[in-house]
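Throw the hints in and build the complete structure from the sequences for me.
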Amino acid sequence: MELFSEIYSCYYQVLRHILCRQDAMTIQDIRSQICKEGFGESMLSIIPRLKDGTWNLLDRNGELFLSRLSPSFLTPLSSLEKSYLKALLSDPRIGLFLEKEQLDTLDKMLADVKPLWRQEQFYYYDRFSDGDPYRECLQRETDPASGGGIHTDISHDNYERFRHNFRILLQAQKKQQYVDLDYTSPAGTRVHHYYVPARIEYSVKNDRFRLLALKNAGNGSLRLEILNVARIQNVSLTDRYLSCEADLNTLIRSSYYKEPVKLRIVNERNALERAMLHFANYEKDTKRTGANTYECCIYYNQSMETELLIEVMSFGPVLRVLGNERFLNALRSRLKRQRELLLTDSPLCENMM
Amino acid sequence: MSDFRELVKSFPKTREYVRDFFVYGFKSRNEFREKSPRTYDNERRRLESWLGPYVQKTHTSDGTNIFLAIDSNLLDTNPLFQVWKTKSFTDNDLVLHFLILDLLKDGRALTAKEITDLLLAEYGNLSDLQTVRRKCTVYAREGLLERKRKGKTVVFSLDCSLALWLKANEDILDALAFYQMSEVFGIVGNHLTEQLDYQNRTFRVKHSFCVHTLEDEILLGILDAMNQKRQIQMAVKSTKKGHTVTAVCVPLQILISTRSGRRYLCGYVEQKKRFSCFRLDSIRRVLPLEPFAGYDLLTEKLVQNHEKLWGVSFQGKSGHHLDKLSMTIQAIEPGEHYIVERLKREGRGGTVTKIAQNIYQYETEVFDCNEMLPWIRTFTGRILKLKCTDSYVEQRFYRDLEAMYKLYHMM
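Chains as they are written, first to last, in our numbering: chain A, 1 to 353; chain B, 1 to 411.
It should be emphasised that the hints constitute simulated quantities derived from the structure, not laboratory data. Certain hints may be false.
[As the list claims (entries may be wrong)] Facing chain B, according to a computed beta carbon distance under 7 Å, are these residues of chain A, among others:
no.: 1; residue: Leu57
no.: 2; residue: Leu69
no.: 3; residue: Glu81
no.: 4; residue: Met109
no.: 5; residue: Arg127
no.: 6; residue: Ser129
no.: 7; residue: Arg334
no.: 8; residue: Leu335
no.: 9; residue: Leu341
no.: 10; residue: Leu343
We put the beta carbon where it would ideally sit given N, CA and C, even for glycine.
Below, the structure written as structure tokens:
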């Protein structure tokens, strides 16, 4: 099974779309398709070969080109792709997407296929232990209060509620439909609002799903809010739809602080390599400032602030925060509190500080 | 640059460059010393061509640096997947791909000779029999075609029923959209969604590292050996010193950190009679060796060890088999109860005990407490006491704190 194979090549994809067109195409139509899907310089390789017949896949009629392939052309799945699908069937999250009948059908179609990997071959050693209840729990617990006669199944109920809510959000997201949502915040307060699901976000570290939700903020503008899917008590579809497509990335970008966090990295204990990989998920730019020192700017918003702060603290003295003031103050305040705690003569007394 | 080609033959060289551009992003032309400047220019031009929208430039006194600016909060797909779609091919490869698959789409089973003849009759394509047979055999090996014996002859056919079922099933397409971002081998999910003309516009993934996809070819070789319970020989390039060494191990499990972005192969090194971890991004080549008789037993042992394994180290500096660590934390309740929750969910099996009003004690016993320090530092501002049977860990924690006070002028 080859992963780096021409059958997955970008050129093959571009050509497939050109060749599956039923109508006659001008060279400009072909160019547009290449521009849309190809790499920056693909045009220089593809167009001459199509025009001079090296890739004799189009019939030419004057200025028009017609595919020689049937429009129903479909690439079959490779062994690698089948093996990948088979591995997904064992992932507990698959139940959020497929009904049992669909899982059975797919399982039957892949009966002779070996999975590309098995769940137990991977171990996420620092993943949080309180992930979302997306694992279907079929074991029923005996309720001692009921004398063992009646069975309750809280885990199963949680799973069912979670799955139901997830399915509704998925449906609404794709149609840009408003949902009526009843939510318990981390502080325990109950919130009830109308939202349009913009994206469903999964955190690999937290093993949790969050909803990036849009809410009317008045004056025709939208505000982005982030909600934990597991904290949604009830959600139902409404008959209202978002009238225009919201530019989610502009909303996210505009939420970033103007001043990034500026870090000075001293390349000790392999700190540079560690930091560059650790913060690879953030938009950042890095420059060398000395033989062994570097400066790295990281862009972030309020919702990322605490996480970024503790990530920076985890590096200890090999990272130095140079700015912004807000971030620097937050770090100083934690250090100040730490110093005071360790200076206290009797730290285990009540009501310290 | 007359020999410039947008597509490439092999992946390893590309992997190095993309990683350097993506992870570091500050290296100038002069700092890519391992290859010639001309190679650098070609690689840089390719990268601009493949990943154009994400390539940014900065101007420094050393010249212009290019880097990949990728903010994972804004992504519906992994831009680095593009790198997997750059394999070069011959003109014949491409033409036969489309014509053979089109010819066989109605499900008929044909010999290579019949296919060759029909290519000429139906598409005007003149190919020699050997080329067609070779292509069909390769496609049968890759699973695109089915190869069967019919008497003395071999026939090839195509089954699109699975592709058709997937294409008609939006639920599975949603699942593929999700998994390409959130699970290993996302590139395969991405190939599938592209092939089925579906795009992810629903899911985002946090704490997933785009750069991991560059290790997928190595991972595939390792998993293949794991599935066959074989030993492997690896070429491992040191990330610190840069030299490459050969290592042999029984590959048992992939250990992943969701925080640091590092992924490791955990294997048993028979020569040293112990478990060892190798960073996936440092492995350059994998060669399968003989099957290993006690494979299942080793896997069981490793899983038993998980409980005492904080990260990837099976032995600390103290020389003890296990070291104990206890951390006393202040959490003013109820407002700071989330700190207690953090200890429980991030503490990897350690115990959390309330020992006084607003005071909690976290205790654990692991192979190497030194690995815990980054996590412990995330509680800076709450720590009342840190005790560890590995005195180095304790000393380093307090020494680093002192260094931090100095760094921020708090002494």
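Hints versus structure:
1. Satisfaction of the interface hint for Leu57 of chain A is found here, the shortest Cβ-Cβ separation to chain B being roughly 6 Å, below the 7 Å cut-off.
2. Hint status for Leu69 of chain A: holds, given a least beta-carbon distance of 5 Å to chain B, under 7 Å.
3. The interface hint given for Glu81 of chain A holds, since its Cβ lies 5 Å from the closest Cβ of chain B, which is under the 7 Å cut-off.
4. Because the closest C-beta pair between Met109 of chain A and chain B is about 5 Å apart, less than 7 Å, the hint holds.
5. Hint status for Arg127 of chain A relative to chain B: holds, with the closest Cβ pair at about 5 Å, below 7 Å.
6. The interface hint given for Ser129 of chain A is met, as the beta carbon of that residue sits about 5 Å from the closest beta carbon of chain B, less than 7 Å.
7. The interface hint given for Arg334 of chain A holds, since its Cβ lies 3 Å from the closest Cβ of chain B, which is under the 7 Å cut-off.
8. Restraint check, Leu335 of chain A versus chain B: the minimum CB separation of about 6 Å is within 7 Å; hint holds.
9. Using the Cβ-Cβ criterion of 7 Å, the hint placing Leu341 of chain A at the interface with chain B is satisfied: the shortest such distance is roughly 6 Å.
10. Hint on Leu343 of chain A is violated. Least Cβ distance to chain B is approximately 11 Å, over the 7 Å limit.
Of the numbered hints stated above, the single one contradicted by the structure is hint 10.
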